[in-house]
Each structure stands twice: as C-alpha cells, then as structure tokens.
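Asks: The listed protein sequences derive, respectively, from chains S and Y.
Take the first sequence: its letter number 147 is residue 147 in the numbering used here, and every next letter is one higher.
Take the second sequence: its letter number 164 is residue 164 in the numbering used here, and every next letter is one higher.
Do not take every clue at face value.
Said to hold, decoys possible - Example chain Y residues on the side facing chain S (calculated, C-beta under 7 angstroms, incomplete):
#: 1; residue: D171
#: 2; residue: R177
#: 3; residue: D179
#: 4; residue: G180
For the record, the hints were derived by calculation from the structure and aren't laboratory data.
Glycine is no exception: its CB is placed at the ideal position from the N, C-alpha and C atoms.
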Amino acid sequence: MGSLQLKSVRKSFGPVDVLKGIDLEVKDGEFVIFVGPSGCGKSTLLRIIAGLEDATSGNILIDGAEVSAVPPAKRGIAMVFQSYALYPHLTVKDNMGLGLKQAGAPKAQIEERTKKASAMLSLGPYLDRRPAELSGGQRQRVAIGRAIVREPKLFLFDEPLSNLDAALRVNTRLEIARLHRELKATMIYVTHDQVEAMTLADKIVVLDAGVIQQVGSPMELYNRPANLFVAGFIGSPAMNFIDAKRLGEAGAKTIGIRPEHLTLSREGGDWMGRIIHVEHLGADTIVYLDSEQTGLLTARLFGEHHYAPDDIVYASPNAGQLHRFDDGGLAIR
Amino acid sequence: MSKARTSYGRMALVHIALIAYTLVAVFPVFLTLINSFKNRNAIFRNPMQLPTPETFDLVGYATVLGQGDFATYFQNSLIVTVVSIVLVLVFGAMSAFALSEYRFRGNTLMGLYLALGIMIPIRLGTVAILQGMVATGLVNTLTALILVYTAQGLPLAVFILSEFMRTVSDDLKNAGRIDGLSEYSIFFRLVLPLVRPAMATVAVFTMIPIWNDLWFPLILAPSEATKTVTLGSQIFIGQFVTNWNAVLAALSLAILPVLVLYLAFSRQLIRGITSGAVK
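So that you can see chain Y by itself, here it is in the shape it has in the complex (with noise of 0.2 angstroms):
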C-alpha cells in the first residue's frame, strides 16, 4: 500500500472501530483477570474494581493450585490439544496435498465428503460416539478425546490447506521430480515450508475449540486422571454455592497456555490471514 494513498482520517476511522472491537473482545478475559486476584466480597460488591491492597487476595490461586489435580488437569489439557493439533496437521496436509496434487477418479467428490464435516456439528454424533468408544474401551481415556477432537479438526484443515497447496507452483514440484525426490520430499521439503502460513492458520483454528471445549470431556472422559481444565473447573461450580475466587483463578490459569500457543502461531498466522488479499 503506497503512503501517498492512505488518508489519516480513513486510518484513524479504522482503527477506531479495531480497538472498539478489541475493547469489547478483552473486556471479559479482562474481568476475569482483575477478579480473580480480589477476595470474595470484593467481587460480589464492586466488580469493576481493580485490586486494591484491602481486597487483594490470591485465595482463588490457593485453592486451585492446593489441589494437586489441577497440575494433571493442565497436563491433558495440553497433551490433547497438542496431539490433536499435531495429528491434524500432518493427517490434513497430507490429504490436501492429494486432493490438490494428484488427478483421480472421485477427487472432486472425496474433497467435498472431506470438507462435509465443517457444515455438519460432530456433537450431533455424540451417541454414536460414545456406543464406539465404549465398545472399544476407550472411554475415560485421553485416546478418545483425541481421535474425536482430530475428526473434529480435519475437515477445516483439509479445506484451508488445499486451497493453499493449489498456489504452490507444478513447476517447483516437478523440477522436484526431475531431481529424483520421492513425491513424500516433494511434499515434506517443498510444499509443506511453502504452506506454513496456512498451517498455522489452521492450528490457531484447531487449538482453540478444543482446548475450550466442555461436552466431549463431560461425556468421554469424565474420571478423575483424564478431566481437563475446563471439566476440572467445573468442581467449583455447585448446585447452591460457587467458589467463584477459584473459578475465576482456574480460568485465568487456563487462558495461559492457549496465549503462549497463540503467540508462537501468530505471525505465521497473520501472512496466512492475508496471504490471500493482499499478495
């Protein structure tokens, strides 16, 4: 974009709304924050305070961090979230790179069956889900989360990530060819470092839905040695009485991890988001 052209009025408009936009975006995560260092009262009586050293407290943290489960509940937490991702990606590329590479009968077809699971909600299989893990004894285990978070992620990364593999040049691959690498170096030393930008597109999209989700814990994997944090929050919330300093506090620690992710995906993510409109 050429300085020449860029009104400061139409700049300044747009950045308006963005930092509308973010204000509203944080301002949750932001009341999160601010409460989950203040005591009880404080957060029933003024919410919207910040901490102030009478109503500092870090009881919350106590309380989930005095629970010795809350470390196993980060460590599946992140042990599916990042075999998810993984399994996603390598799974997910290497279909794209077929549908994309390769001329077979039904391609256009299978392409349209792969993408069919970004229209249809995998909670609608729910049932069917569970009868199978549990007539292969999986439930309560973190196996069954994964394979289901992986069918959940694949339709969108196949999606995205063929499109991106159309874009990268047959001349690249076939003089690829001509040199006598295998089609699997073609596609692990050629496109893969070409498709980055979408890659990590794809496992911000991926990461989040799953690090957040609830339902397929709840009904998977429900035992003590396989909750994960957002299941494992739930204990503090009760029928009649929520530990809300803890509730507050788990969720804080939560928002961690999927930040540090985040910030390792992004400026890949950012080349990917606009790789296609601006070029």
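Extracted from the complex, chain S is given alone in its bound form (with noise of 0.2 angstroms):
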C-alpha cells in the first residue's frame, strides 16, 4: 500500500536552511502528523514528499522506490489544501475525476470511485455543483473526496481544518479519523494545531527549525518530551519551566512540570505565591500565580474552584510527574 522513508533530506532557499537533514520513516497504513510553530519547515517538508519542491539533497522513497525525479502526479499520492483548491470551472464530479481523467483511466471506473467516495462523504446531492455553491465544511470535503477518487498510495494534508470554523473542525476532524479508519491508508499531515496533533496521529513528528525534535506516539510526546521544545510545545496550557537553582536541585539545569500536575492549597504547601489572574472554564479552572520560589507558574485545576487574584496560595507538583532538563535542553531520564 503506502509506506515512506525519507533519508537525510535537505532543502536550502538561498543561502536558508529550511530542512537541516531529515530521516523519518513511516510505516504502511500510518496516521503521521508533522507539528511545529509556523515557519519550522513542515509544509515544506510536505511539499517535497508531494513533489512541489524539490530536495536539495537527500532520497525520498515511497514504497522502497525512489522518487525524487518523478512529477508529483507519478508518485501515487494524493493532497488536500489548506485552502481547497478546487477548480472553481469544474462541477464537484469533476473536480474529483479530473485526476482520473489526466491518468487516463476508463469513464466507467472514473464514475464507480467517483460514486464510492462521495457516498463516504456525504456528497451525493451536490455533485452537479460547482465550488462556489458550497460551504467551507462542503468544500474540504470535495477537496477530500478528490483525495480519495485517486486511491492514493499516501494522502497528504496541509492544515486542512485551518480555514474551517471551530464547530466544522471538530466535525471534519472526525471525519478524518473516521476516514483513515475505514481506508486503512497511509496519511501525512501538517498542522500547527497540537489537539488535531494528539487526537488524530499514530505517530507525532515534532519539527522545530527545520530538524526533527522527536517522533513518538502522543501520549509518549506528553509524558516523556525529549526536550525543552517539546515540553513546551504539546501540552496546553504550555509546561511551566523553572530554573533548577532556584529550587536548590542539582544535576540539572530547568525543571518542568505541567500545569494540571500543580495541587494548589490555600493550608501550605512547596511553593507559596500571590495569585495574579484566574480563568474559569468551567471544566476546567485555569490560575496563574507569581511564587518567589519559581517565578511564574501555571496551575490547571479540574472542575470549578473558587480562587480570586491577590489570594495567597500554596502550590505543590505531584509527586514523580516533574521533567529534568540537562544544559543543552534534553530531558534527563
């Protein structure tokens, strides 16, 4: 079916360096999910497994063959845009053939995957609709179901829910999930939204300056980060960080603990500090606290509790749930 290796890949603009060297494997039927902030490389890591750019150096092998001198439309792949892309001329039926149609396979197989794919998406209704007719959720869907129609040997998606409402996210995430349950395919996927990250992915690359900070499975990012990035980057609200001195610790450098992993007590406690701002979510009670001890710390309390700013409070970690990073930023195991 699909499976990808990518061997020392770089990609240079000029004289940046966007990609620094990366190996990555995934294996057949994988939901790989790249995640990093904005400009750390992952699109364009993307757009070269697609074929849009090409590596500066590096081997790129989809299914053990190499293909980085093969047109993106050769590869066996399949993309969803950000933004749809679909062609605004075309009706949905179209839009989903037209790959089909280039390749030059028959009208009636064209007709049957077309048929396939829009009753896995609900578009039966709208398939002698052009783009502009649809919604945004409606859109996403053609633009999926396009996907789809070409039996792809990987599908590749570029921060699809990006344009999409909150409700439609969670919707078309599903449907997501649903999808790659029922196709069995193997799928890439770009975001800078770490919950698509965690909910949707087998497996989590995490990119940072164009290098790999750490591949592993969501819950293995959120309890052991290899590193400060990573510590920082899942997990929300971020992890909070201290600096090991202030706590008289040695053999380490920055201390981290996450904030649902704080007990707060107004009776005592490790560390005492001045609560400075409360957000109540109602499943959750978000409080920030300035402590001498640590400086600032985030506390994520489950449930309703009733703190205002200015109370005094004590905070303590659980017990085994602190991370140890050494000088360099790894975390100490």
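Using the hints, put the two chains back together into the complex; each one sits in its own frame.
Replies: Structural data, given as structure tokens:
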C-alpha cells in the first residue's frame, strides 16, 4: 500500500537552510502528523514529499522506490490543501474525477470511484454543483473526496482544517479519523494545532527550525518529552519551566511541571505564591500565580474552584511528574 | 458597502463630479457626431446646433462610403488591432505567468526589463524600426504594424498581468500538478480563466492607442492597400481645403468598432479595475 522513507532530506532557499537533514520512516497504514510552529519547515517537507518542491539533497522513497525525480502526478500521492484548491470552473464530480481522467482511466472506473467517494463523504446531492455554490465544510469534503478518488499510496494533508470554523473543525476532524480507519491508508498530515495532532495521530513528528525534535505517539510526547522544545510545545497550557538553581536541585538546569500536575492548597505546600489571574472555563480552572521560589506558574485545576486574584496559595507538584532537563535542554531520564 | 453608512449628500456630490467629467469627455464626440450629419454651411455657421430638417445632410457619409477604399481602411484597422490585441494577450500572459510562477536566476531583472517599455515610448525608436522594416522588406505591410503594436502593448500587459497572476492561489496550481495537468494546461485551464478581468483591462488599454495611432501607419504602411482608418481620413484634410463633412463622417464611423470592442470587454473591465480596491 504505502510506506515512506526520508533519508537526510535537506532543503535550502539560497543561504537559508529550511530543512537540516530529515530522517523519517512511515509505515504502511500509519497516520503521521508533522507539527511545529510556523516557519519550522513542516509544510516544505510535505511539499517535498509531494514533489512540488525539490529537495536540495537526500532521498525520498515511496514503497521502497526512489521518487526524487518523479513528477507529483506519478508518485501515487494525493494532497488536500488548506485553501481547498478546488477547480472553480468544474463541478464537484469533475473536480474529483480530473486526476483519473488525466491519468487516462476508463470512464466507468472514474464514475464508480467518484460515486464511492461521494457516498463516503455524503456529497451525493452536490455532485453537479460548482465549488462556489458550496459551504466551506462541503468544499473541504470535496477536496478530501478528490484525494480518495485517486486511491493513492499516500494521503498528504496540508493544514486542512485551518480555514474552517471551530464547530466544523471538530466534525471534519472526526471525519478524517473515520476515513483513516475505513481506508486503512497511510496519511501524512501537517498542522500547527497540537489538538489535531494529539487527537488524530498514530505518530507525531515534532519539528522546529528544520530539525526533527522528537518522533513518538501522542502519549509518549506528553509523558516523556525529549527536550525543552517538545515539553513546551505539547500540552496546553504550556509546561511551567523553573530554573533548577532556584529550587536548589543539583544535576539539572531546568525543571518542568505541567499545569495539570500542580495541586493548589490554601493551607500549605511546597511553593507559596500570590494569584495574578484566574480563568474559569467550567470544566477547568486555570490559575496564574507568582511565587518567590519559582517565578510565574500556571496551574490547571479540574472543575470549579473559587480563587481570586491576590489570594495567597501553595502549589505542590505531584510526585513523579517533574521533568528534568540538562544544560543543552535535553531531558534527563 | 453597507447602505446604512452611505450618506446621500456625499453620493450626490460624487455623482455630480462624475457626470461633469463624463460631459467633458463625451462633448467632443458629441460635437463630431452632430456635425457629421449637417451640411457644410451649417457646420461653420452653427457648430453647436443639432441637425435640423433644413441643415440635415448625409453628404459626408456619402463621400466616405462612396470612396470604395474606406472599407479597406476599416478592414486594415480591424485586422491590425485585433491581431495585435490577441498577440499582446497571449504573449503577455505567458511571460507574466513565467515571471510570477517560476523561480529562476534573473527573474526580477527580466521583469524590470520587460516593464521598461512602459517608461520609454516606442516612438523614440522609429528610425531604427523603419530601418529594420526596410531591411526585412516589411514596409507597407500590415505585419509591420502588428509587430510594432505587439511590442508596444507587451510591457503594460506583462506588468498588469504578472501582478494579477501572483494573486492566483498556489494551492490551486499545485492541485493541478498533483492531478497530472501539464504546465500548459495549468496556465490555460486554471490560471487564465481566473485573470480574465485583468485580460479585459489590458485589452482595452492596448486597443485604443493602436486604433487611434497615426504615426506608425504613416511611416511604416502608407500605401493605399495598407492604410488604416486614421490615416485614410487624412485625405480629406488638405493644405488649403478641408472636406469637413467627410472628415467628421469618417471619424464618427471610426468610433463604432472601438465602441463595440469596448462594450464586449467592459463588464470584465469594471471587475478588473475594481478588484484590487474592493475585494
């Protein structure tokens, strides 16, 4: 079906190195998500896999075959774009069928696959409409349908949910998860949204500054971040970082504790602090406090809690949930 | 624009200004038209008067249409204008696409070079152009005019179109590439339909100077068989006697084809002019 191997892929635009040697293996049927801040090179990497951009050096293998010199249409990939990128002058049906038509597939086959894909995405009633007559969510479903029709070895998604509003985003996310289960296809998905990454991925690839920071399952990244960057990037609100010297810890430079692993108490605890701000979200209460020992801390409490700014509280880290990082920012295990 | 925020007073002022400008622009055309339907005496005695039953006279049109050559002049003008527009649009759009789509060494330099023609009038090169046409034996052919006008129209076309092509979504072109469209199909089937308003704008801006031009027809193609309308009308303007009826009739007739072409492009043109500002 579809596996992908990247071997020391580099990309430079003039003097700027965007990707600095990417090695990665994606197994057949995996859902892999590239996540990172904007400008980290994740979209460039996806475009290199698609063949829309040439790598400066390195190898790209799809199903074990080198594809660096193969044009995008012949790589056996399909791509879903952030801006949908539907052909404005074609109907939904023709939009989905164009790839196969260009490849010279017989009409009956195009018809059959279009029908199957549109049934899967409940696009049946819209087949004869043009993209301008569809809503944003429907357009993105057509774009996904266009990818399904090609029956590719690799599905590539370039921030497909970024243009949708919050409610549609959740729906479409579920849709993509369901498609992955039904099609059992290999999918590579780029996003800057860690919620999408955590909820969809089998495997997350965290990129920053053109370098892979860590590869692992969502829970691996959450529980055992490899370095400061991953620790700070995964999880919301972000992990608290405390200078180890202030806590008198030897053998580490920085101590990390996630907001949800702090317990607050009015009576007593490890770190005393004054509350700066409280956010009540219903399910969670997020408390920002300033402590003399640790500096600024964020704590996430489950359920409703009645704290107010200027209250004095004590924060204590849960046992065994401290993360330690060395001088180079790497996790000490 | 929301209705609630538009004040009627402001709208009225804007419209008064626009109407005043329209009157100024249309007045010479109007004068030409009414006088072309009057007899010679009436033209001189009362140039502002509308044709009355006494002064109404079609002698100008009779002269122009009676001289069999005028059909040829019209044909020449139309051939030169239409072929030049088509060439300017095709080549202009192609180079604009290359400049805006592909990263290659000297891209910016090439863009500047192609835009240079906007700043330097092509008439400065008349002598060299004439020498070139003489050397290639193209003098007194319509080809000579078409070549010059294509060169004259390209800089603006490349400049306007490349700006517009930059606005066409990259994702769309990439989707085409993944679906196996060639670069030519991407250009003709995806990009061109999306920049149609810009093409109409370029077509109108290209068309009018070509249709009105007297300089190059006079220099490059003054023979009877290759005269354009503007050049042809000159036979009625003499050193001592000018046949005003005929001149005015010829000019009135010359307006018609431009008007038709303009109307054909105008709906797209308005979208082209406003698309940058309103959006």
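Asks: Could you run down the list of hints and mark each one as holding or not?
Replies: Hints versus structure:
Restraint check, D171 (chain Y) versus chain S: the minimum CB separation of about 4 angstroms is within 7 angstroms; hint holds. For R177 (chain Y), the shortest C-beta to C-beta distance to chain S is roughly 5 angstroms, which falls under 7 angstroms, so the interface hint holds. With a least beta-carbon distance of about 4 angstroms to chain S, the hint placing D179 (chain Y) at the interface is held under the 7 angstroms criterion. With a cut of 7 angstroms, the hint placing G180 (chain Y) at the interface with chain S holds, because the nearest CB-to-CB distance is about 3 angstroms.
Hint violations for this structure: none, all hints satisfied.
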